[in-house]
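Visitor: Between the sequences and the hints, there should be enough to build the whole structure, so can you do that?
One letter stands for each residue in the lines below.
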Amino acid sequence: MSDTPNPTPKRADPKLLEILVCPLSKSVLHYDEAAQELISRTSRLAYPIRDGIPIMLADEARTLNDDEAARHGGA
Amino acid sequence: MAHDHTDPPGGKTASFGFRDVPAADKQKLVGRVFQSVASRYDVMNDAMSLGVHRLWKQAFVEWLAPGPDTALIDVAGGTGDIAFRFLDRIVPQGGTGSVAVCDINPAMLSEGVKRAGMRQDRDRLSFVCGDAQALPFRASQFDAYTIAFGIRNVTDIAAALVEAHRVLRRGGRLMVLEFSKVDVPGLAEAYDAWSFNVIPALGNILTQDREAYQYLVESIRRFPPQAQFARMIEAAGFGQVKFRNLTGGIVAMHSGWKL
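Chains as they are written, first to last, in the numbering used here: chain W, 1 to 75; chain X, 1 to 259.
Label pairs and their calculated CB-CB ranges:
no. : chain 1 : residue 1 : chain 2 : residue 2 : range
1   : X       : W194      : W       : A69       : 53 to 61 angstroms
2   : W       : S25       : X       : Q208      : 39 to 47 angstroms
3   : X       : A65       : W       : A69       : 43 to 51 angstroms
4   : W       : A35       : X       : D88       : 31 to 39 angstroms
5   : X       : N245      : W       : L17       : 39 to 47 angstroms
6   : W       : A34       : X       : G117      : 24 to 32 angstroms
7   : W       : D51       : X       : D42       : 16 to 24 angstroms
For the chain W half of the interface with chain X, some residues (derived, Cβ under 10 angstroms), not all of them:
no. : residue
8   : E18
9   : I19
10  : L20
11  : C22
12  : P23
13  : K26
14  : V28
15  : L29
16  : L38
17  : D51
18  : G52
19  : P54
20  : L57
21  : A58
22  : E60
Taking lysine-lysine pairs in the DSSO-like style, the calculated list, with each CA pair at most 27 angstroms apart, reads:
no. : chain 1 : residue 1 : chain 2 : residue 2
23  : X       : K114      : W       : K15
24  : X       : K181      : X       : K242
25  : X       : K57       : X       : K114
26  : W       : K26       : X       : K12
27  : X       : K57       : X       : K242
28  : X       : K28       : X       : K114
29  : X       : K28       : W       : K26
30  : W       : K26       : W       : K15
31  : X       : K12       : X       : K181
Keep in mind the hints are simulated off the structure, nothing from the lab.
Built from N, CA and C at the ideal position, the CB exists for glycine as well.
Guide: So this is what it looks like as structure tokens:
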């Protein structure tokens with residue numbers, strides 16, 4: 001047992017990411033590790049990951065612009 | 001607080017304490033309540049229930065009786081109260097059990113993450129900000145779904161129950177812990193006096209937020225009683241629905257299975 005508590009992991013847990021879907025469309029998400037966003041192509045939304053916690057609320061998500069939607073659509 | 005009490009055409013209202021508010025506003029109002037009390041949530045729970053909330057949560061996890069490999073989703077459990085009790089029970093058994101804590105309120109989640117940081121079984125826990133009415137999980141992922149003192153605050157309870165059913169595997173179990181209807185004469189009067197006089201005053205002293213606790217007391221009275229809530233669980237597709245009262249029905253536990 002160490003005296004210092006484990007720091008909060010700032011990256012999302014990969015096992016968790018496997019079971020997450022877009023709450024609106026229930027479709028798969030693309031993980032943009034650099035941006036720390038989970039992207040739903042179907043809903044055209046990017047859900048932020050803050051301090052390692054995915055924020056899976058449509059109200060908090062960023063709407064994808066046309067370029068991004070096309071890029072993720074073509075992936 | 002300014003609210004438009006006129007419903008939009010076809011609009012729905014939801015109860016916020018004893019007030020009816022437009023359904024879309026309830027979530028925001030509830031969010032504000034929990035935002036304001038998150039850091040003192042335990043202190044308030046202890047004061048309001050004279051510590052008994054700990055026994056209720058313990059009884060709840062005991063009735064769940066999770067096995068060592070149980071994959072649990074605990075909804076509205078931001079501060080980790082149920083998740084930690086679950087882990088305390090399963091980790092000594094070995095196995096691969098884990099818990100995903102899903103809460104709509106970031107302040108409650110931050111409190112849980114902070115507490116989880118000191119635990120040795122931190123790797124069995126994950127935290128997600130999500131809405132019980134639109135869960136961000138694939139179908140059929142969990143063996144058990146728990147929601148403790150949370151479903152009362154959900155705007156569309158039927159939608160939340162349908163989502164619970166979706167994310168559970170066949171053979172999975174739903175369990176709800178919630179304030180309910182006192183069924184013991186004498187206790188009902190004492191409980192009313194405590195609820196309407198003492199709790200808002202305690203809330204005011206401990207959190208400087210009387211309104212949050214006034215909401216709490218009123219919302220408890222508006223929540224459907226035991227048998228009626230059991231029928232809502234059945235309507236969402238669950239079978240073998242049962243409930244047990246605790247402390248004379250101040251609190252009830254409901255259980256249902258995805259068959």
